[in-house]
Amino acid sequence: MPSPQHRRTWDLIPWLINGTASAADRSLAEAHLAACTDCRDEYAFQSRVHAGLDVDTRVVGEVRPAFDRLLARIDAEQAIDAGPARPRHLLRALAATVAIQAIGLVALATWAIERHRADDAPAYRTLSAPETLPARASLRFVPSPELSVGQLQRLLGERGLRIVGTNDGGTIYTLAPVAPGRADPDVVARLRAAPGVLLVEPIANASDR
Amino acid sequence: MEQTRTDDDPASGSATELDWLRAIARQDRAAFEQLYRRYHGLLSRFLSRFTARRDVIEEMVNETLWVVWRTAGSFRGESKVRTWIIGIAYRCLMKHLRDHPLEPTYGAGERDQEALHDPAPDESDARQAELRDWLRHGLALLPDEQRMTIELAYFLGQSCEEIAAIMNCAVGTVKARMFHARLRLRNTLPALGGDAPLPSHIARA
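Protein sequence lines correspond, in order, to chains L and P.
Under our numbering, the first residue of the first sequence is numbered 1, with each subsequent residue one higher.
Under our numbering, the first residue of the second sequence is numbered 1, with each subsequent residue one higher.
Hints in this document: simulated from the structure, not taken from any laboratory.
One or more of the hints may lead you astray.
[To be verified] Residues from chain L that face chain P, not an exhaustive set, calculated with beta carbons under 10 angstroms:
| # | residue |
| --- | --- |
| 1 | F45 |
| 2 | Q46 |
| 3 | R73 |
| 4 | I74 |
All C-beta atoms, glycine included, are put in the ideal place defined by N, C-alpha and C.
Extracted from the complex, chain P is given alone in its bound form:
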């Protein structure tokens, strides 16, 4: 029933990234390009969940990796390289969300335009699209910190401890944010089964 985490970044990959980071601290551009190529897609997909604007996504990706270039020498190995880089991206994203609070997120407009040119979906695709849309609306109703916790856990597959490092908060805070995010999602996403009565101890929380 449960999954076991299958990192794209196993121990050997982490060691490689650490080597790259040390080389980047010495201004090694070849190592920087390797790291950039590894993270460009991951960060772009993650950030695209918060804005539809591709120019903004690239700007945030490049801002994140520019910080990596400038501060690689300060990495002390207190977390995985991946966690450290996602933490930088998270701070860039939160700054963007603070500076542009009215900008529509989750790219509804762009996605709808793209959908006009898509071939007619089969039933399975339609169900996936419906699920995706429900979720997009449900997540958009969450406070930023709760939504971020869900995204980091489910989209990027980060552990509770890693999310605490990324968001620079206590593990208990992550658990609390996840708890409240789950309650809100159950209330706002009845189509996913959220209308089921909550267990008694949860309903009292």
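So here's chain L without its partners, still in its complex pose:
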């Protein structure tokens, strides 16, 4: 049965040969090597491997031309980065503007339809009359201006909601469940936790209407 020192020394041999073993490991190994033929043989074998790798050098290419080629690559990439970056940035800004306008148009159209439906109603509301809200409206919702149309659609669609009304400025939406019987009880908390949402408030007694 080999001693722990034997196994330890055998494992240390490569690191003794390449000079990276710690002083403590070196000391342990030297003591064992002096007394162990097997470890000395292995040490000699690994020394020959090390020496064989050490002599194997190759002519290295010239530095300056290689470095110039790398600089040319870096220059080219920086030129590309600097070039299309501005149009891409403008495109993103343009896309965001279009998205906000689209949200406004959708909201405006919804509002116009609702107003048309309400034309038969008196042009005033008494304090005792209930607030006129679209059927099944359950939430007031204010998105961030940065929220795109696609993000808004996904946000509402995943939670089973749709826009049923808006304010005059198109900044506050009234939401209702797509399927009234399947409203998510935690929808307010979920919407509030979503990015791009500034405000979510349940409409009082919405479920009564």
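Knowing the structure of chain L, use the given hints to seat chain P on it.
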């Protein structure tokens, strides 16, 4: 009997390289050239052990140092600069080996052509050449990870811990790879003394 590591990169050199790296993070091309000059030879020699094609070697050297240029700001000092750069070179090399598995390595063809024009070697040179050739064939039979462990330890002089950082693996994995690489080399390189009977505990491993 044992060697003590004599780094080309002592503490002061490491500090210099760290300064260069910080300057490179600020897009300082003079510092980048200094670092490039220091590593071009080292990386070229290391990579030339895996391919004979000089264009590929330069491509990998430049790919490595291009990554250094792009990511110098992300260096957190968790290892030496040298270890970090060799780690990048290692990943470039492994990607090349994966993408070109059939490409002959160790440059036998080119080296043989060069040998035709060499003056007749004396006995000592002949022994060195024979040793080198034996090793080239023996190492070529090792799995890439084992061969890389041997090269990093013996050719670049990296410690076990540094190799673990370079290969992004545990120290124990490096030890295991070194262990198996040594066994295989003993079996495939009898001319180096590998035909000697193995110690009993090793033979059972």
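The hints, checked one at a time:
For F45/L, the interface hint holds, the least distance from its beta-carbon to any beta-carbon of chain P being 5 angstroms, beneath 10 angstroms. Because the closest C-beta pair between Q46/L and chain P is about 7 angstroms apart, less than 10 angstroms, the hint holds. The beta carbon of R73/L comes within 7 angstroms of a beta carbon in chain P, closer than 10 angstroms, and the hint placing it at the interface holds. Because the closest C-beta pair between I74/L and chain P is about 6 angstroms apart, less than 10 angstroms, the hint holds.
In summary, this structure violates none of the numbered hints.
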